[in-house]
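Let's have the full structure, built from the sequences with the hints guiding it.
Each chain is listed here by its residues.
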Amino acid sequence: MVNVDKLKEIARETISRDDVKYLIGWRQGTYGFRAAPYFMSTPEEAEELIFSPLCTNNLATYLTLAEKLPVPRGQEPDSRKVALLVKGCDSRAVVQQLVEQGISRERVLVIGCPCRGVIDQKKVEAKFPDVREAVSAVWDGDTVVFNLPGGSVAVPRQEVLAGKCLTCRYPNPVIADVTVWEEVAVWGSDDYVDVRELEAGSPQQRWGFWEEKFASCMRCYSCRNVCPMCYCEDCVLDRLNPQWIMRSVNTAENTAFHLARAFHLAGRCIECGECERVCPVDIPLMKLNRKLTKEVRDKYAYEPGVDPEAKPLQASYRPDDKEDFIL
Amino acid sequence: MSTEFEPNVVAFLCNWCSYAGADLAGTSRTHYPSNLNVIRVMCSGRVNPLYVVNALQQGADGVLVSGCHPGDCHYMEGNFYARRRFTLLRELLEYVGVEPGRFNMSWVSASEGAKWKDVVGEVTKKAKEAGPFKQFRRAKINW
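Keeping their order, the protein sequence lines are chains A and B. Residues in the first sequence are numbered consecutively from 1, following my numbering. Residues in the second sequence are numbered consecutively from 1, following my numbering.
No wet-lab data here; the hints were simulated from the structure.
The following residues of chain B were derived to be distant from chain A, with all beta-carbon distances above 10 Å: (1) F5; (2) V41; (3) M42; (4) Y75.
Here are a few chain A residues that face chain B, going by a calculated C-beta distance under 7 Å: (5) R206; (6) A260; (7) D321.
In silico PhoX-like cross-links for lysine-lysine, where the CA-CA straight-line distance does not exceed 25 Å: (8) B/K128 / B/K117; (9) A/K213 / B/K134; (10) A/K311 / A/K299; (11) A/K322 / B/K115; (12) B/K115 / B/K128; (13) A/K287 / B/K134; (14) A/K21 / A/K81; (15) A/K213 / B/K140; (16) B/K128 / B/K140.
Where is the CB? At the ideal position from N, CA and C, for every residue including glycine.
In structure tokens:
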């Protein structure tokens, strides 16, 4: 069962180690049902750590976001580890980064927190509108209990959990140096119902659906910035020579942008749902990503972010890969 | 003048097989549709999926990527990577509503002039059936 005191204890021990630079976790946000990423480097700071249904952020993003400053001549690079709290889905991001050699195993210390599903801000805010104070939450059996200013309210998990959590198959970290508490039972299964629904339509219907969504995109690139798998130092979207995707905000360029973003995640997306969560105009990006995840699973029996020893999908091949559409 | 729609097809041909195959078809005086705009690349594995999206944006009604038969790649394995890549890209394009006939891939070796003729016929026919592409065509910029 979730035991935050034990988590704090482990965090204190970890941060006291000489070979750990800082620890990335969550703390209560400043208002509403939010948790904020928390970077701590002293044992005292562990008091503020939380682990609750509010901890939606995928902290694995920060492993590759850290600024790499040039090392002055005559100095050794800082080779201390970064400690990271992970949920099941976050741990898959860590594994996939290891597979792609985006990070090295010696530089990261993974603290696994088996998770019972995190909330969807939008669902909760619809249920409890106009809550200004910071509200904490805990799992309790099949409910999530919110400690609202007017008293605690228990809500069934099904009603407030994020969509990705309802079909979650990896609630337990797939990679961890320490697992804080015992593993939880897997409750979800995934048949890609949402993807199949859209596939069933005609091309015109599908384009009608996406055209509307893509047209509303304002190209803030939040989806790219928050994605734990988008860590290229030279992103194709930022390049000007050659410029494959123009910066103008219109349906044509937005479509090209979304195709490029989705395709760059083909065989890499670990379905943490962060892109969809941060989208200010509610584009169902996971519906796009999950299409490719589904194809990758069906065609190549490949699942990203599960096996640290695997090879990246698009950097490997099998001579007998399917080619039924090739003339 | 005929008013029938003539599609604009962009073909990325690999230098070692498909381009030579198309060349053979030409030197053998084979007749095939002239809707193709050929771009020679060194290997089908060199074709970035963004090229395909970009071609569609800039005026293509259909795209063809053609390379050596699996196992015959000049660079040993380039077309195997291309195969995975474009299988996924095709699914993605279809999923956002691009008609399935618009993106094609083929294996044509340097000795298959006759096959090249069939491939071009097939690709042109499919693009013609799908009609002019206008879903995410880039707006013309008048400088």
